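> From first to last, the protein sequence lines are chains A and B.
The first sequence runs 11 to 120 under our numbering.
The second sequence runs 371 to 724 under our numbering.
Keep in mind that the hints were calculated from the coordinates and are not lab data.
Values in this document were obtained by computation on a predicted structure and should not be read as measured data.
Quick reminder that beta carbons are idealized off the backbone N, C-alpha and C, glycines included.
Hints may contain errors.
Okay, the calculated bits of chain A under chain B, using three or more residues with CB under 8 Å as the criterion [stated by the list, open to error]:
1) 21–27
2) 46–53
3) 86–100
Below are the chains, spelled out letter by letter.
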Amino acid sequence: MGDPLGMDIPHLVASGMGGIRTAGDMVARMMYTKNMRLNDAKEYVAKKLGVTTMDLGDECIMRDLREELKIGSVTGIPGAPRGILAKMNIENILDIKINSCEKFREKLRR
Amino acid sequence: MTDYYTRMGDGRRVTMTRQQVLDDIQAGSADAADMGGIPQLNANEIEHMCDIIIDQSRVVGVEPGNEVVMTYDIGQLDFTGDNGNSGNGVDMGRLEAALLHERALGADTFELAHSDYSIKPVKPVISMEMQTMEEIQAEIIAPYFYGAMPNMGLYYAPDGPYGNPADLMREFKIEESMASSEAAAEHLARDIEFVTTRLQAAGSDGFNFDTTGSAGDADFVGTLNGVKKLRELCPETYINVGAAGESVMGIHGMMEFEGEVAAGLYPHQQAQLIAKAGANVFGAVCNTNTSRSLAWNLGRSVTFIKKAVEDSPIPVHVDMGMGVGGIPMFETPPLDAVARCNKAMVEIAKVDGV
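Chain A extracted, bound-state conformation (with noise of 0.2 Å):
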């Protein structure tokens, strides 16, 4: 689907999640990573964040939350850490392994 104004904007405003605006990227990865439906993935991340499933879809929660646990922030905060970083936390929070963090730890030297 191309045309961002006419599909994302719409969607996103309609029923979006908003990715790490929020919480969707990790309700996302437990769907993928356990295979759970909505409402399951919605639970375990709301338990594991310590805050209600409402609470995942809110801004004003999930804002300052992220920038709390270094999980990554739609905003450019200084030293605040991206990327592998934010996913190696975002694993230790969810309790999974991403691909992205592995092939980065086999690279290592120790």
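For this one, chain A is given, so just place chain B on it according to the hints.
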């Protein structure tokens, strides 16, 4: 009698009465039920869909707390592609495009894509794709796939080594046509293994197989054989398999996956085979009829997808691009139509994602 603004399947704005909208939803749902041998929407669901369609707000949405996960096709091509992909024609790097989707467009997941968006042309540039995957994985946080269409049509003459089944059938060479489909499907499965396992080695979160079955049942079976192999070799992979239509076209007619004939399968049946192959998420599809109203198309689409969600052993992300999921077939789809189809799919079909 009040007239309400709504749309046709080609995007044109029309007015309809509430009764006309109800009648079209009913007729669309009945069409899906008849084709798929599945239940029609009930009276409450039809009323609810009608209320969504005739809501005169420009954009509608679900209640807070009912949000779903978004997955995408064509990757960065929505920015960089031409109008064949409804792309903006804005040249930029794939890293920048991925991060803009993650940080400016609220993408829950995203993907890397080759400009031809097919498995076959990725092979000669696989090292470049691996390098770009490694680079973007170092910076992105959201699950980041590699996406491509199996697009088995590229394996047939004049683009590929195998005879074109449609041409062979026109010459009444039925057995040759079927043999050609089978050979192309085996080739496709080998190519899927080649491409996907290398991208996993480069740190990809997984693979999005887009429009599976676009070249018919052999394309569908070849892809599922590739998916099965990928799951065996890379058990950690996130696998998304999106279909090409609400029914698998029987161009071969007798191709089987795990003992099940693929031709003619509807979304609730496609889900079973896709899950058996090892996918994590099924992208269910229902195509739009441009001559019918949005109400008819949405009624038909939601009927198919609701049954797929109920029967699927894995999460279902309904395909809702231009011309699928009730959305008008138009290059720049109207925002009012997209939002209405989205809300109906989440609230009535109960999809896990879009």
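> Could you check the structure against the hints above and give me the numbers of any it violates, in ascending order?
none
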